[in-house]
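Line by line, the protein sequences give chains A, B, C, D, E and F.
Counted from 1, the first sequence has number 27 at position 27 by UniProt numbering; the numbering is strictly sequential.
Counted from 1, the second sequence has number 40 at position 40 by UniProt numbering; the numbering is strictly sequential.
Counted from 1, the third sequence has number 131 at position 131 by UniProt numbering; the numbering is strictly sequential.
Counted from 1, the fourth sequence has number 17 at position 17 by UniProt numbering; the numbering is strictly sequential.
Counted from 1, the fifth sequence has number 115 at position 115 by UniProt numbering; the numbering is strictly sequential.
Counted from 1, the sixth sequence has number 92 at position 92 by UniProt numbering; the numbering is strictly sequential.
Simulated from the structure, these hints should not be mistaken for laboratory data.
Think of the CB as a built atom: it goes at the ideal place given N, C-alpha and C, for glycine as much as any other residue.
Hints may be right or wrong, so weigh each one.
To be verified - Computed list of lysine to aspartate or glutamate pairs in EDC-like fashion (alpha-carbon distance at most 16 Å, straight line):
#	chain 1	residue 1	chain 2	residue 2
1	F	Lys119	D	Asp37
2	D	Lys8	E	Asp2
3	B	Lys119	B	Glu79
4	A	Lys116	C	Asp37
5	B	Lys119	F	Asp29
6	E	Lys119	A	Asp37
7	A	Lys116	A	Glu75
8	B	Lys59	A	Glu94
9	A	Lys119	C	Asp37
10	D	Lys32	F	Glu123
11	E	Lys128	A	Asp33
12	C	Lys120	E	Asp29
13	A	Lys8	A	Glu19
14	E	Lys59	E	Glu94
15	F	Lys8	A	Asp2
16	A	Lys119	C	Asp33
17	D	Lys120	B	Asp29
18	A	Lys59	A	Glu94
19	A	Lys116	C	Asp33
20	A	Lys32	E	Glu123
21	E	Lys32	C	Glu130
Stated by the list, open to error - Just the calculated beta-carbon pair ranges, DEER-fashion:
#	chain 1	residue 1	chain 2	residue 2	range
22	F	Asn57	E	Asp126	26 to 34 Å
23	D	Val26	F	Asp33	45 to 53 Å
24	F	Glu15	E	Leu127	26 to 34 Å
This is what each chain is made of:
Number of protein chains: 6
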Amino acid sequence: MDQERFQKGVNKLKEYTSEEQAQNLVHSDVLKDIAPDLRRFIVEFAYGDIYTRPGLNNKERALVTITTLVTQGVEPQIETHVNRGLTSGLTPNEIVEGMLQLIPYVGFPRVQNALKIVKKVLEQRDLKVEI
Amino acid sequence: MDQERFQKGVNKLKEYTSEEQAQNLVHSDVLKDIAPDLRRFIVEFAYGDIYTRPGLNNKERALVTITTLVTQGVEPQIETHVNRGLTSGLTPNEIVEGMLQLIPYVGFPRVQNALKIVKKVLEQRDLKVEI
Amino acid sequence: MDQERFQKGVNKLKEYTSEEQAQNLVHSDVLKDIAPDLRRFIVEFAYGDIYTRPGLNNKERALVTITTLVTQGVEPQIETHVNRGLTSGLTPNEIVEGMLQLIPYVGFPRVQNALKIVKKVLEQRDLKVEI
Amino acid sequence: MDQERFQKGVNKLKEYTSEEQAQNLVHSDVLKDIAPDLRRFIVEFAYGDIYTRPGLNNKERALVTITTLVTQGVEPQIETHVNRGLTSGLTPNEIVEGMLQLIPYVGFPRVQNALKIVKKVLEQRDLKVEI
Amino acid sequence: MDQERFQKGVNKLKEYTSEEQAQNLVHSDVLKDIAPDLRRFIVEFAYGDIYTRPGLNNKERALVTITTLVTQGVEPQIETHVNRGLTSGLTPNEIVEGMLQLIPYVGFPRVQNALKIVKKVLEQRDLKVEI
Amino acid sequence: MDQERFQKGVNKLKEYTSEEQAQNLVHSDVLKDIAPDLRRFIVEFAYGDIYTRPGLNNKERALVTITTLVTQGVEPQIETHVNRGLTSGLTPNEIVEGMLQLIPYVGFPRVQNALKIVKKVLEQRDLKVEI
Numbered sequence: 001m002d003q004e005r006f007q008k009g010v011n012k013l014k015e016y017t018s019e020e021q022a023q024n025l026v027h028s029d030v031l032k033d034i035a036p037d038l039r040r041f042i043v044e045f046a047y048g049d050i051y052t053r054p055g056l057n058n059k060e061r062a063l064v065t066i067t068t069l070v071t072q073g074v075e076p077q078i079e080t081h082v083n084r085g086l087t088s089g090l091t092p093n094e095i096v097e098g099m100l101q102l103i104p105y106v107g108f109p110r111v112q113n114a115l116k117i118v119k120k121v122l123e124q125r126d127l128k129v130e131i
Numbered sequence: 001m002d003q004e005r006f007q008k009g010v011n012k013l014k015e016y017t018s019e020e021q022a023q024n025l026v027h028s029d030v031l032k033d034i035a036p037d038l039r040r041f042i043v044e045f046a047y048g049d050i051y052t053r054p055g056l057n058n059k060e061r062a063l064v065t066i067t068t069l070v071t072q073g074v075e076p077q078i079e080t081h082v083n084r085g086l087t088s089g090l091t092p093n094e095i096v097e098g099m100l101q102l103i104p105y106v107g108f109p110r111v112q113n114a115l116k117i118v119k120k121v122l123e124q125r126d127l128k129v130e131i
Numbered sequence: 001m002d003q004e005r006f007q008k009g010v011n012k013l014k015e016y017t018s019e020e021q022a023q024n025l026v027h028s029d030v031l032k033d034i035a036p037d038l039r040r041f042i043v044e045f046a047y048g049d050i051y052t053r054p055g056l057n058n059k060e061r062a063l064v065t066i067t068t069l070v071t072q073g074v075e076p077q078i079e080t081h082v083n084r085g086l087t088s089g090l091t092p093n094e095i096v097e098g099m100l101q102l103i104p105y106v107g108f109p110r111v112q113n114a115l116k117i118v119k120k121v122l123e124q125r126d127l128k129v130e131i
Numbered sequence: 001m002d003q004e005r006f007q008k009g010v011n012k013l014k015e016y017t018s019e020e021q022a023q024n025l026v027h028s029d030v031l032k033d034i035a036p037d038l039r040r041f042i043v044e045f046a047y048g049d050i051y052t053r054p055g056l057n058n059k060e061r062a063l064v065t066i067t068t069l070v071t072q073g074v075e076p077q078i079e080t081h082v083n084r085g086l087t088s089g090l091t092p093n094e095i096v097e098g099m100l101q102l103i104p105y106v107g108f109p110r111v112q113n114a115l116k117i118v119k120k121v122l123e124q125r126d127l128k129v130e131i
Numbered sequence: 001m002d003q004e005r006f007q008k009g010v011n012k013l014k015e016y017t018s019e020e021q022a023q024n025l026v027h028s029d030v031l032k033d034i035a036p037d038l039r040r041f042i043v044e045f046a047y048g049d050i051y052t053r054p055g056l057n058n059k060e061r062a063l064v065t066i067t068t069l070v071t072q073g074v075e076p077q078i079e080t081h082v083n084r085g086l087t088s089g090l091t092p093n094e095i096v097e098g099m100l101q102l103i104p105y106v107g108f109p110r111v112q113n114a115l116k117i118v119k120k121v122l123e124q125r126d127l128k129v130e131i
Numbered sequence: 001m002d003q004e005r006f007q008k009g010v011n012k013l014k015e016y017t018s019e020e021q022a023q024n025l026v027h028s029d030v031l032k033d034i035a036p037d038l039r040r041f042i043v044e045f046a047y048g049d050i051y052t053r054p055g056l057n058n059k060e061r062a063l064v065t066i067t068t069l070v071t072q073g074v075e076p077q078i079e080t081h082v083n084r085g086l087t088s089g090l091t092p093n094e095i096v097e098g099m100l101q102l103i104p105y106v107g108f109p110r111v112q113n114a115l116k117i118v119k120k121v122l123e124q125r126d127l128k129v130e131i
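In isolation and in its complexed conformation, chain A is listed as follows:
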């Protein structure tokens, strides 16, 4: 294990989740019995190498991430990253607007399905879209 990159990744992950969630993600990975290195790669490479780069701030990286996930329709990760986006500073309205901006580029279905996930996450976090 690459201790420095891993720690850098954990620190960055905490900015998108919380101290507790980040510890859970790292120590209680549901896939650790079959793919024990997967979580490490996510932490070291995605969070340690990529998310920590200068040039875009946390909110902008969350917006980019949510956008690609909605485009692909990968629903579990949309839910995860709407949560991380909110934690890292995106407002509910910015998340919704980012999805509506996709309509001319991916059509209505992907956007509609993603907004249902946003609705669920906002209810769980007791948040509202300020319009």
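Add chains B, C, D, E and F to chain A, keeping to what the hints say.
Same frame as chain A, now just chains B, C, D, E and F:
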């Protein structure tokens, strides 16, 4: 034609292109002989209805747009919207960083192919990435 | 709101659903708290601007719509538009054949998953494929 | 080789191309040195087994085929099947309308790129969209 | 029905499932009321024509199949073909490694979602990844 | 830079290319002016972390890689990895068979377009498919 939405769309399009380019896009559409309403739909709906919404600024909308296009690998539109992103205020570095942020979510190939287009556009505009 | 386009869209939507369902879709949108304009865009742009165009009839537009949704694998919308296709005049057999026609172009999995949705919808509507 | 299915496929293929083109496709396959069975599978399975089924006519099958290809953005096949669609009875206007119908489901870029191919094919065949 | 291709397909299918499962798949198809030819096409064309070809062995064909399904994110078929891959001789570790190999080409989300399915299948079959 | 992972990646890359090509890839990256870290990430993460894992050999990893690229239709990388597959020990026939195996899962167009690239690469390397 819906004159108000159309004009609103043209005005917004100018913020992403230039007075001259926007006029060209509207008046010299290469597809006007076979689909004369397509350009109008793009101007009225995409630029008039969606891009003009509050909640995200021009730069953020350009970042979202480039992200979905790279995810889909639609190369002619990547070129168009890298140009529009630069005009609307994204720096070369922000565009490149937005693409690198996609590596953990779409893998290297789509990002590599998109960065070749960025390279070409930056050369055409005589711009450099400040690192 | 663009009253004329909206009304034109509602009228077209009724041809794919029913008086009652169209009213429900317009007035009880599940996403109205977070994205109050989404339903309006679907009605005005998709149904008002696009579905009302001459050149293809309702059945043909439903066939095109179902085809793109199966290709993308967006399941909630496959269910919605199999229902709308049946209401607008497609026979169960035409819907099934349209999906089988996709096998050489998308392979078996997408088609198989879509046909399971067709089966469910036909059972709900007490319809059979006449072979 | 399954002579009956193959001949059935060749006969169907002729309805989408011409006697001469069908012979060329079958006898001068560019991939025959590396994958000599590929053309046979296309003729036997796609054209022999699928295209010959009752329930949808040639024009409708062409419309379905073009729709899935535009959704996927596979450009060489869009060109091939716009040609086959025209030969099998789709009008230029029906092909264009089928693509515009996709805007709400795939967004503008895929549709725009496909319409450029339609434009090229119509010019090659000296055809116009009657509007 | 093409008795020879069908029987060849059933025989090959048994190598990926079991005598009993293969009979079930052929005789109790859930889609037989709406698309009675679909199962036949899968058996005759996919298993009879393609899987029986020389050049790659069963394990290699299973690895290729799982890879394309993970790339597309078609989850019901990922489950089916992880099972068939295990029956045809792929080890749990080979399946997991094949998926981790995809990270640089499709990103983490598709791989993570597929590995959750592998985990479920391994538990059902009481198998472990030997690391 | 992580010297150990980088060197491990370069060594692995040489098994898929050649001493000379690997040096060129590392030292003359066409994207180095705009994204100087991209090549490093490919070498360190893709080749250093992933390709070097036990559980699948070089040929199997190349087969998995080619399969996902054909499924996605990313043509520049299909060409690159058909070449790397051949260098790492896949035979022309195995590459072709791997692509034909995809027909039931992605349909004919993606496979046909990929096989044209295989044909070109085999001609450049003066190789033939032994059937």
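Comparing the hints with the structure gives:
1. F:Lys119 x D:Asp37: 15 Å, holds
2. D:Lys8 x E:Asp2: 14 Å, holds
3. B:Lys119 x B:Glu79: 10 Å, holds
4. A:Lys116 x C:Asp37: 14 Å, holds
5. B:Lys119 x F:Asp29: Since the Cα atoms of B:Lys119 and F:Asp29 sit roughly 12 Å apart, the hinted pair holds (cutoff 16 Å).
6. E:Lys119 x A:Asp37: Holds, at about 15 Å.
7. A:Lys116 x A:Glu75: Distance of about 10 Å is within 16 Å: holds.
8. B:Lys59 x A:Glu94: 13 Å, holds
9. A:Lys119 x C:Asp37: The hint holds at about 15 Å.
10. D:Lys32 x F:Glu123: The given pair, whose Cα atoms are some 14 Å apart, holds under the 16 Å limit.
11. E:Lys128 x A:Asp33: Answer holds: E:Lys128 to A:Asp33 is near 8 Å, not above 16 Å.
12. C:Lys120 x E:Asp29: 15 Å, holds
13. A:Lys8 x A:Glu19: The hint holds at about 14 Å.
14. E:Lys59 x E:Glu94: 10 Å, holds
15. F:Lys8 x A:Asp2: 14 Å, holds
16. A:Lys119 x C:Asp33: Given that 16 Å is the threshold and the Cα spacing comes to 8 Å, the pair holds.
17. D:Lys120 x B:Asp29: 15 Å, holds
18. A:Lys59 x A:Glu94: It holds: about 10 Å lies between the C-alpha atoms, which stays within 16 Å.
19. A:Lys116 x C:Asp33: 11 Å, holds
20. A:Lys32 x E:Glu123: 14 Å, holds
21. E:Lys32 x C:Glu130: Holds, because 12 Å separates the two Cα atoms, which is no more than 16 Å.
22. F:Asn57 x E:Asp126: 26 to 34 Å: 28 Å, holds
23. D:Val26 x F:Asp33: 45 to 53 Å: At roughly 50 Å between Cβ atoms, F:Asp33 and D:Val26 fall inside 45 to 53 Å, so the hint holds.
24. F:Glu15 x E:Leu127: 26 to 34 Å: 31 Å, holds
In summary, the structure agrees with every hint in the numbered list given earlier.
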